[in-house]
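Colleague: Chains as they are written, first to last, in this note's numbering: chain A, 1 to 256; chain B, 1 to 526.
For the record, the hints were derived by calculation from the structure and aren't laboratory data. Glycine is no exception: its CB is placed at the ideal position from the N, C-alpha and C atoms. One or more of the hints may lead you astray.
[Claimed, not checked] Label-pair distances were calculated between CB atoms; the ranges are:
1) VAL164(B) x HIS198(A): 35 to 41 Å
2) ASP247(A) x ARG150(B): 34 to 40 Å
3) ASP310(B) x SER63(A): 55 to 61 Å
4) SER63(A) x PHE271(B): 42 to 48 Å
5) PHE16(A) x ILE508(B): 32 to 38 Å
6) ASP310(B) x ALA18(A): 33 to 39 Å
7) PRO44(A) x ILE279(B): 34 to 40 Å
8) ALA349(B) x LEU109(A): 55 to 61 Å
9) GLY142(A) x VAL91(B): 45 to 51 Å
10) ILE441(B) x PRO44(A): 55 to 61 Å
11) ARG437(B) x SER215(A): 53 to 59 Å
12) ALA281(B) x GLY64(A): 38 to 44 Å
13) VAL164(B) x GLU181(A): 34 to 40 Å
14) ALA19(B) x ALA121(A): 49 to 55 Å
[Said to hold, decoys possible] Far from chain A, some chain B residues (derived; all Cβ distances over 12 Å):
15) VAL155
16) GLY201
17) VAL209
18) ILE301
19) GLN331
Now for the letters of each chain:
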Amino acid sequence: MTTGTGIALKDVSRAFAARETVVQALDRVSLDCPAGSFTALIGPSGCGKSTMLRLALGLDAPSGGTISVAGQSPQAAAKAGLTGVAFQDAALMPWRSVEGNIALPLDVLGRKRSDYTGKIAGLIDLVGLKGFEKALPGELSGGMRQRVAIARALVTDPQVLFLDEPFGALDQILRRQMNVELQRIWMESRATTLLVTHGIDEAVFLADRVVVMQSRPGRIGKIIDIPLPRPRLPDVFTTEAFHALEDEITEALDGH
Amino acid sequence: MAIDAAGRRGRHLAGLRNAIILIVLWELLGQLKLVAGGALPAPSAVLIRFWQDRGDYPLHLLATFEGAALGFFIGNVVAIAAGILFAVSPVAARLGRGLNVAIFALPPIAISPILVLTFSGMTPRIALAALGCYFVTMSATVTGITQTDRRMLDVVRAYGGGWVALLRLVEIRSALPAILSGLRVAAPAAVLGSVLAEFGGGGRYGLGVYLIGSLGRADPPRLWGIGLAATGMALLVYALFALIEARITHTTRAVTVAATPPGTPLAIGGFAGAALTLISAALPFAVWWGFLKMLGTPPMIAKTPLGVIDYLFFAQSAETAQLRLLSALAQTLPLTLLGMTAGLAFAFALALASVVRPGIVRSFMPVALVTQTMPLVALTPLLVLLLGRGPSVILWITVSVTFFPAFVTLAQGLGMVSRSALDVVRAYGANPFIQLRLVSIPASLPYLFAAMRLAVPRALLGVMIAEWLATGTGLGNLLNQSRGYLDYGMIWTVAVVSVLISILFYQIVIVVERRVLQRRGMQPAS
Ligand SMILES: Nc1ncnc2c1ncn2[C@@H]1O[C@H](COP(=O)(O)OP(=O)(O)OP(=O)(O)O)[C@@H](O)[C@H]1O
Ligand SMILES: [Mg+2]
């Protein structure tokens, strides 16, 4: 059992009944993310990454096994306001402005918005959306929307942070910038972070550990430690050690 | 942007031009007394008459508006609350299904005399107007809430939000456009309800009272004036909500009237499922019973379900009652079926034709939409004037009341047939008729069934209004007569029988629809 703000999955399975067959999205997965660690989840499409995240968020119940977040059930942790999340697609509310969308978790948790005005302004600045505070999601590009979702995930100062391909819709340059920013935020807050990504370089740059998953049934293939020292600067992308780690992950993805 | 605006202005101009042409033509027809010996008065004659009657209108308009507005308010508040309940709780939806079908299928004219008997003052009008609004708004609310983007719900749930937070932060707001379009469609229903209750008697003022009073006086311009006044009232409310909706969504959504009560799919089988179905079917009767008990109306006037059975089968006059009912049914049912079939066939043909020539929808849709805002009662006397009082008028009224909503539903359904599916057959050089046969007709089946479900109660309502107002035959007349004789048993019987018939037809359509669509792997359209 992990103490503090860790995430612990023990023998977790999740099966979906399709029309004729049963899809085993996760098959007895055990994963321990210690408090304050940064874990990246990587794997082929459909291997159950999003499913795992949804289970840890209490949005879905496992068919077997147990999950604890910060020593509590996922639902309890969510209700206590310990968690933050950015989904694969931004999932903004079209009728709320950028500010309003970022403030949504506060409304759900029943916190006073007025205590957070400075925080919200800071986050908007951080994700580079200054001047768009009052804009509606329909007026933003896909990448801008995703940045709003990231700001929303951070607004509660979460101790456990779940990110499902948060930078998927960003261009390579912006993506690198956001990676650097995310590392900075994480180093300040030391929130236990679980990041789902398709980018091998992103995983290596950000994570303490990269968990490589395999599909059909969804399971953990290999866990690779990333011993690079922090803070990692953008030039780490070109180092020998970085490439070696990337190659190791690529191999693991190929199933070796 | 500029091109878009210019295009829109062009279309508006074309619409204005068409309207002017139509009015000029109408004026000519009226002035020359070309249609039915002057039954179609010229617009100028209608206006002049309206001006002469201007002293009468305010009180009548006010009375109808009062009933319609209060009913609209109460009915929609209840409908939205019920819609939220049904959307949140599938069990409640399943339980309420019987009651919802009954309210949907209920021809308001059938219960108008009952309401007048059991209540007094404005209450019957308010009740009937409220009943008219209920189903439309309730189902719009359910649809709106259940179609909320799941991803937005997930965000709220991920922060531990329960169903209250989901409703408050996401579902109600995202259902708002649907609810508003429900309110828009409910507006004419409220006016219709109020006017129909006025037919049932009670009160000196109201457009319905005015209409009945003027019916015998062979004064076409006045009848047209009353009809247009009722339409204008409905149109104003309709426009108001269309405006609010456009403000909120930036796009006005299509007007289709829902014809499915919520609570169909729920995976509760076995004993519990059967029990739910049974309770759901019994609920309308329980509500009927409970209401009468609560009001304490004397049993002589207010018949409980048992009272109706007693009247029809065991009382002394049971035999004559049965005979009268059966002969009325023998007149009403064939015409209802015939009119409904003809209306649907006509709508289907025109909707299909509009696929081959899209211009048809563009020029016809505005007319169809305006007639949807036109309370049925306003239309009937006009058709009576045009067509006389023979059985053909019943047929025409039934065709016209089923045609327009069916056409709107079908045309919009066909409009949603995927472009790419059509492109595939077009790429192989299919001509429009092959496109129809291979793509459009099969794809439009769900909408045909939806149109049928919608047509059932409307057809019966149309026939009964025509019988009451024009021909003096069938169920409508039996109802009107029994009202005159104070034959309470028969009033209740006709009401119950017409509701049951309507529900029966509706259920038949549902069963056939499920069979056919299931075999083709299609989903019902709401
Ligand atoms: N609600 C559901 N119903 C049925 N099957 C589901 C459901 N959600 C996920 N699945 C199935 O579970 C498997 C894993 O899905 P999941 O969304 O977790 O994949 P993923 O790893 O996030 O993929 P991607 O990288 O494409 O986002 C897939 O095979 C998918 O079809
Ligand atoms: Mg995913």
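Colleague: Taking the hints in turn, state whether each one holds.
Modeller: These are the hints, each one checked on the structure:
About 37 Å separates the C-beta atoms of VAL164(B) and HIS198(A), a value consistent with the hinted range of 35 to 41 Å. At about 38 Å, the CB distance of ASP247(A) to ARG150(B) agrees with the hint of 34 to 40 Å. Remark: the range hint 55 to 61 Å for ASP310(B) to SER63(A) is upheld by a beta-carbon distance near 57 Å. Evaluation of the 42 to 48 Å hint for SER63(A) and PHE271(B) yields a failure: the beta carbon distance comes to about 26 Å.
In this structure, PHE16(A) and ILE508(B) meet the distance hint of 32 to 38 Å, their C-beta atoms being roughly 37 Å apart. The beta-carbon spacing between ASP310(B) and ALA18(A), approximately 55 Å, falls outside the hinted interval of 33 to 39 Å. The hint said 34 to 40 Å for the Cβ distance between PRO44(A) and ILE279(B), and at roughly 49 Å that hint is violated. The beta-carbon spacing between ALA349(B) and LEU109(A), approximately 57 Å, falls within the hinted interval of 55 to 61 Å.
Checking the proposed 45 to 51 Å range against GLY142(A) and VAL91(B) shows it is violated: the Cβ atoms sit about 40 Å from each other. The beta-carbon spacing between ILE441(B) and PRO44(A), approximately 42 Å, falls outside the hinted interval of 55 to 61 Å. Separation of ARG437(B) from SER215(A) is about 43 Å and departs from the stated range, judged on CB atoms against 53 to 59 Å. Hint check: ALA281(B) to GLY64(A), Cβ distance near 40 Å, so the stated range 38 to 44 Å holds.
In this structure the supplied range 34 to 40 Å holds for VAL164(B) paired with GLU181(A), their Cβ-Cβ distance being about 35 Å. For the hinted restraint 49 to 55 Å between ALA19(B) and ALA121(A), the CB-CB distance of approximately 53 Å keeps it satisfied. A cut-off of 12 Å between C-beta atoms contradicts the statement that VAL155(B) is not in contact with chain A; the least separation is 5 Å. Every CB of chain A lies more than 12 Å from the CB of GLY201(B), the least distance being 47 Å, so the non-interface label holds.
The claim that VAL209(B) is not at the interface with chain A holds, since no C-beta of that chain comes within 12 Å of its own (minimum 44 Å). Non-interface status of ILE301(B) relative to chain A is upheld: no Cβ of that chain comes within 12 Å, the nearest being about 51 Å off. Under the 12 Å C-beta cut-off, the non-interface status given to GLN331(B) relative to chain A holds; the minimum distance is some 50 Å.
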